[in-house]
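**Q** One line per chain: the protein sequences are A and B, in this order.
With my numbering, the residue at position 318 of the first sequence is 318, and numbering never jumps.
With my numbering, the residue at position 413 of the second sequence is 413, and numbering never jumps.
Hint data in this document are derived by calculation from the structure and do not stem from the laboratory.
Treat the numbers as computed from the prediction; the structure is a model and nothing was measured.
Incorrect hints may have been included.
Same chains, same names: a pair is fine if it fits in one copy or spans any two.
Claimed, not checked - Pairs of lysine-lysine, PhoX-like flavour, derived with a Cα cap of 25 Å: (1) K115 - K198; (2) K182 - K198; (3) K2 - K182; (4) K2 - K343; (5) K412 - K269; (6) K165 - K182.
There are 2 protein chains.
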Amino acid sequence: MKAEIISIGTEITTGQNLDTNAQWLSRQLAVIGIPVGFHTTVSDDLTDNVNVFRIAASRAKIVLASGGLGPTLDDLTREALALLTNVQLVENAESLQRIQAMFAKRGRVMPDRNKVQALFPQGAEPILNERGTAPGIWLPIGDSVIACMPGVPSEMFHMFETQVKPRLLAMGFIGGVQIERKINTFGLGESGVEERLKELTARGRIPEIGITVSDAIVSLRIIARATTLEEALALAAPDELAIRERLAEMVYGVEQEELQDVVVALLAKHRLTIATAESVTGGLVANRLVTVPGVSEWFHGGIVAYDNRVKVQQLAVPESLIQQHGAVSKEVVEAMAIGCRTKLGTDLAIATVGLAGPGGGTEEKPVGLVFVALASDAGVITQSFNWNGTRTEVQSRAAKLALNVVRLYLLKRGS
Amino acid sequence: MKAEIISIGTEITTGQNLDTNAQWLSRQLAVIGIPVGFHTTVSDDLTDNVNVFRIAASRAKIVLASGGLGPTLDDLTREALALLTNVQLVENAESLQRIQAMFAKRGRVMPDRNKVQALFPQGAEPILNERGTAPGIWLPIGDSVIACMPGVPSEMFHMFETQVKPRLLAMGFIGGVQIERKINTFGLGESGVEERLKELTARGRIPEIGITVSDAIVSLRIIARATTLEEALALAAPDELAIRERLAEMVYGVEQEELQDVVVALLAKHRLTIATAESVTGGLVANRLVTVPGVSEWFHGGIVAYDNRVKVQQLAVPESLIQQHGAVSKEVVEAMAIGCRTKLGTDLAIATVGLAGPGGGTEEKPVGLVFVALASDAGVITQSFNWNGTRTEVQSRAAKLALNVVRLYLLKRGS
Chain A
1 MKAEIISIGT EITTGQNLDT NAQWLSRQLA VIGIPVGFHT TVSDDLTDNV
51 NVFRIAASRA KIVLASGGLG PTLDDLTREA LALLTNVQLV ENAESLQRIQ
101 AMFAKRGRVM PDRNKVQALF PQGAEPILNE RGTAPGIWLP IGDSVIACMP
151 GVPSEMFHMF ETQVKPRLLA MGFIGGVQIE RKINTFGLGE SGVEERLKEL
201 TARGRIPEIG ITVSDAIVSL RIIARATTLE EALALAAPDE LAIRERLAEM
251 VYGVEQEELQ DVVVALLAKH RLTIATAESV TGGLVANRLV TVPGVSEWFH
301 GGIVAYDNRV KVQQLAVPES LIQQHGAVSK EVVEAMAIGC RTKLGTDLAI
351 ATVGLAGPGG GTEEKPVGLV FVALASDAGV ITQSFNWNGT RTEVQSRAAK
401 LALNVVRLYL LKRGS
Chain B
1 MKAEIISIGT EITTGQNLDT NAQWLSRQLA VIGIPVGFHT TVSDDLTDNV
51 NVFRIAASRA KIVLASGGLG PTLDDLTREA LALLTNVQLV ENAESLQRIQ
101 AMFAKRGRVM PDRNKVQALF PQGAEPILNE RGTAPGIWLP IGDSVIACMP
151 GVPSEMFHMF ETQVKPRLLA MGFIGGVQIE RKINTFGLGE SGVEERLKEL
201 TARGRIPEIG ITVSDAIVSL RIIARATTLE EALALAAPDE LAIRERLAEM
251 VYGVEQEELQ DVVVALLAKH RLTIATAESV TGGLVANRLV TVPGVSEWFH
301 GGIVAYDNRV KVQQLAVPES LIQQHGAVSK EVVEAMAIGC RTKLGTDLAI
351 ATVGLAGPGG GTEEKPVGLV FVALASDAGV ITQSFNWNGT RTEVQSRAAK
401 LALNVVRLYL LKRGS
């Protein structure tokens with residue numbers, strides 16, 4: 001039993017507007033255990049609308065549409081449904097009254113063209129719209145049901161919550177509960193993660209485990225469906241354990257957690273302060289840290305040492321070191337971390353250097369090469385990496401690498 | 001001659017991720033005059049994928065798909081196309097070499113699993129991917145053509161621009177021209193901009209002018225359609241002039257230009273260097289500047305002075321000033337800018353203080369209050385603002401305000 005979500009409007013197919021209704025409806029259906037197989041967006045073309053509804057009703061039990069219910073000539077949903085089911089459009093007196101009343105309430109006379117909003121294909125029933133003039137349309141067709149809602153998000157959200165969802169539940173269109181557990185990792189690519197997880201990510205497995213990658217963060221999503229919440233949680237728990245076992249310290253957090261959230265929590269746990277000394281990331285590590293509320297107790301500040309003069313003058317990096325090894329080197333990044341820790345008087349200091357490109361790379365030191373160093377009372381740790389990517393990608397990943405080096409250090413540090 | 005755009009992935013049909021690829025592709029096709037009739041999103045289900053491609057190829061001449069080309073088991077596009085056209089998957093030696101070379105360049109061995117990315121349905125040809133391991137697939141089918149691209153936006157954008165668009169143009173898939181001119185402004189809200197533009201933004205007007213707002217940047221889009229590029233440009237030109245006249249120096253750039261791009265260009269024009277002294281923005285102003293290639297000649301570095309001790313010790317802000325006025329004050333931000341300019345020896349220094357929240361606000365100094373100061377040889381300019389917003393919104397807008405203060409200063413400075 002699959003659902004399909006249809007979004008209607010040329011403003012979406014032309015790319016002028018971004019469709020967010022389909023995402024919202026998918027999430028609502030997931031919560032009540034109805035899997036969504038398809039989203040379809042169609043322009044304001046009558047024949048295309050009829051065909052899209054025909055295909056949807058043939059492959060999905062539940063079809064939720066939004067858009068095309070307004071009073072203007074390019075609002076075609078009513079007509080498309082009438083053609084699809086080969087019936088006439090008939091006026092619904094109660095709906096007409098409601099639309100007139102809504103205009104009256106706003107002190108306006110209903111324009112004649114709004115009358116069409118009270119027309120319904122025979123066999124359909126109106127869905128109450130408490131937020132606007134366009135009633136929705138509820139149309140059973142064969143084994144399936146089509147529910148059409150307005151395209152305006154606030155009207156659609158309210159109509160789904162108060163009118164459509166209760167009808168779906170009453171019809172027994174419910175597959176229990178679906179929960180989703182997201183586990184975030186850093187340090188391995190997508191295929192590397194999958195190799196370690198092996199059979200866990202096999203297609204068709206229950207619960208399903210999906211992998212997504214976003215800017216060097218590989219996330220696993222355990223999607224568990226069951227009749228009760230307890231059962232769903234019990235289904236997901238062993239998989240989370242298995243993932244954590246196999247990926248070990250590469251797992252840094254869950255759900256919306258980002259590396260900086262975890263780093264700040266660990267700093268607080270150990271009661272350690274930190275400062276930043278940034279070249280290639282140009283302030284991005286500091287900026288990620290300050291997105292976390294309450295960070296000011298642990299993050300004191302930093303030096304953005306973009307120009308070599310700043311490295312020398314503000315971070316006491318010996319000029320000879322830069323001449324000998326180049327600014328993008330293990331030696332210089334170490335000196336920056338040590339200099340920053342001394343200068344700002346913090347427990348830890350994290351430093352970055354690298355080549356973000358697009359120009360400036362050599363064979364020995366290609367664009368994408370990044371060095372990170374962490375200075376602490378235990379000395380200096382460095383790590384390097386080389387990414388293929390745009391300038392901002394290299395900068396963003398370098399900042400993540402830096403945060404991850406701090407995280408791993410704090411995880412291993414005795415308390 | 002219509003196009004269909006297919007987005008593949010259970011992470012989209014479940015609503016976990018928002019599909020932005022379809023919108024982007026729709027806009028690109030609009031520019032070259034190809035109307036999009038349908039967007040379809042399908043989950044990672046093999047049968048559903050085959051059927052979705054079958055329907056698309058039957059109703060559209062051009063089918064652009066993204067997603068499902070990765071190396072993992074839920075990447076089904078290759079298989080779906082082979083089933084659709086009833087052929088075998090065959091290995092493409094050149095593609096395999098490219099994938100191996102990409103791993104080698106990063107100093108890694110190609111996992112076995114990535115081999116599948118070199119498989120293509122017989123009759124298809126690979127599309128070069130310069131940004132990642134997954135080649136695209138170009139598959140003529142009957143009168144139509146299917147082009148499959150990776151789901152990762154940066155890879156997809158690049159592949160479309162450099163590989164797919166040229167092929168579409170070469171095949172004569174073009175139906176008139178639509179141009180879109182985007183004009184970016186900072187300093188007025190959406191309704192303020194609309195008030196100044198009045199009749200220019202009326203619905204149904206030709207050319208159409210749309211307003212979009214994103215993180216305090218209000219953009220106007222002039223959309224002009226004509227049979228030739230010259231005609232379309234001639235249609236849009238008077239509107240751009242009118243917008244620039246009415247919004248004056250609030251217009252900072254066009255198309256994808258960001259405030260930092262304009263600031264760096266102005267710094268280069270005046271041959272002036274800059275440094276940053278950031279409290280509330282915590283490195284974000286510096287980070288925005290370093291996204292611009294070639295900035296290193298003008299941006300030397302900065303101090304992230306999050307903690308008051310750093311303001312005092314690194315920026316020579318008198319402690320008494322902080323005690324008397326508070327860290328979030330005109331007086332302190334001015335002292336930071338002056339101290340930073342002296343310390344880093346640059347022509348200009350820009351400083352920020354503010355309350356990003358969520359905690360820490362008072363009646364006199366509410367969350368969202370931001371002060372910005374620019375020190376130059378002509379003295380100090382300050383500006384303050386107060387935004388309602390989340391922590392990251394306040395930080396981001398404060399950084400934009402700072403960049404805008406630099407921009408306006410440089411615009412007015414004689415050369």
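**Q** State for each hint whether it applies.
**A** So, going through the hints one by one against the coordinates:
{"no.": "1", "hint": "K115 - K198", "result": "between (58 Å within a copy, 16 Å between copies)"}
{"no.": "2", "hint": "K182 - K198", "result": "within (18 Å within a copy, 47 Å between copies)"}
{"no.": "3", "hint": "K2 - K182", "result": "within (23 Å within a copy, 38 Å between copies)"}
{"no.": "4", "hint": "K2 - K343", "result": "neither (61 Å within a copy, 63 Å between copies)"}
{"no.": "5", "hint": "K412 - K269", "result": "within (13 Å within a copy, 50 Å between copies)"}
{"no.": "6", "hint": "K165 - K182", "result": "within (21 Å within a copy, 36 Å between copies)"}
The structure is inconsistent with hint 4 alone, although it conforms to all the rest.
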